[in-house]
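J.: Can you build the whole structure from these sequences, using the hints too?
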Amino acid sequence: MRLVNCPICGTRCSADLEKCPECGFEIGQYFANKAIDNHTKKPPILIICAVFIMIMVFVAFSFFKTKSESLIPEAFVETSIDNTPTDTYSATRETTTVSTSVEETTITSNEDNIDICGVYAGDDHEILVLNSDGLAYYYCITIQYTELACPWYIKDDNIYIELSRLHCTIFSKVDEKELIFKSDSTNWNTELFTRLNVEPEQYLTKIPKTNDPMATMNMDGTINYTLDNITYILPKTFMDVKDEFDSMNDTSSFIDQDTQSDYIASITFYKTIGSKEMDDTFAKNLAETFASGFYKNITISDCSKLKIAGQHGFRFKINGFLNKGFNVFEGHEIDGFIIIFYNRLTGNNNYIMMVQTSNRALDDTSSFESIIKSAG
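Heads up, the numbering used here is the position in the sequence shown plus 5, with the first residue counted as 1.
None of these hints come from the bench; they were simulated from the model. Quick caveat: nothing in here was measured; it's all calculated off a predicted structure. Hints are supplied without guarantee of correctness; some may be wrong.
[Said to hold, decoys possible] Only pairs whose alpha carbons sit at most 30 angstroms apart, straight line, appear in this in silico DSS-like list of lysine-lysine:
hint, residue 1, residue 2
1, K182, K211
2, K322, K301
3, K160, K178
4, K322, K276
5, K247, K211
6, K247, K187
7, K329, K301
8, K276, K378
9, K187, K211
10, K182, K24
11, K312, K281
12, K329, K289
13, K24, K247
14, K322, K289
15, K322, K310
16, K289, K378
17, K182, K160
18, K211, K24
19, K312, K289
T.: Now the structure itself:
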């Protein structure tokens, strides 16, 4: 019996099955139409860097947790929490979607009237859906690069797809059966996609599973992330990388990375037993300890008060440098901010750290602010 990974959800199952037992994907037809390619293609450097970085970040964070537990004085720790608060807070809300704009002039067939809308299988067992509404859906076995609702169009007999997480546009000559997608970016390897006799609807009605159990992907590609009963909406550029944090219920990390531009941004969420009597001095000590678990030569400054998700907290500016755990990015200067607030409804301190490389090859400043505003 030959075992394969489902190209949609990654479930390990027999290639002889008609459908994936987990998500229902027609796995038999997929592998009947496309023999597994035992190619020696190098994996994109972006994938290698992202996974290695998250492993090293976890190692650094483990040290931080041990150190931070000794920092909180006993007098600051709440010994009892009311489980039935009168002002019950609910973070439950309808999934928020951000519309993806597609110009009215979007063209999905060429001058020869070749209709290329349909489902395609890539060399690395990805699934690419070119929908007739001008949106593409790119499903990878590694969920961090799965993208939903990507604009696509035809121009000068070439197909173009804009990929947010890979920060590149890929293109191919129009063909009825095979599309060879290339890119001017090193974030993408040239890859062959072969058309399948499969209806797009079976993909467009499914939401891919995330690595982080506290995160869910929306149909527009954004991510809803919930920690301590507060939900945040992350733009579609941020990746949910498989890491050790996925097995923890108090910590999560997401990254936005463009290796070609020498740029990386990260968002780290964390919660711990709280301090109801937190003041700016104590909050700064917590911020310094938290940041030192991830970066070196850090400076914490510019304390300001803020209100987030109905809770009062403190915001600090952070400057520092990436340590050796960030591999090719070691030594890069970073800046951003740390937010710390006490969630009076759960009795926990919440940390949010958002930083990016100071070269600003890209700029996630506005994305950071939109995430904070989305908290609720």
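J.: Against each hint, give a clear statement of whether it holds in the structure.
T.: Structure-based check of each hint:
no. : hint        : in the structure
1   : K182 / K211 : 25 angstroms, holds
2   : K322 / K301 : 15 angstroms, holds
3   : K160 / K178 : 10 angstroms, holds
4   : K322 / K276 : 19 angstroms, holds
5   : K247 / K211 : 20 angstroms, holds
6   : K247 / K187 : 26 angstroms, holds
7   : K329 / K301 : 10 angstroms, holds
8   : K276 / K378 : 19 angstroms, holds
9   : K187 / K211 : 27 angstroms, holds
10  : K182 / K24  : 24 angstroms, holds
11  : K312 / K281 : 15 angstroms, holds
12  : K329 / K289 : 25 angstroms, holds
13  : K24 / K247  : 25 angstroms, holds
14  : K322 / K289 : 10 angstroms, holds
15  : K322 / K310 : 12 angstroms, holds
16  : K289 / K378 : 22 angstroms, holds
17  : K182 / K160 : 18 angstroms, holds
18  : K211 / K24  : 14 angstroms, holds
19  : K312 / K289 : 17 angstroms, holds
The structure meets every hint from the earlier list without exception.
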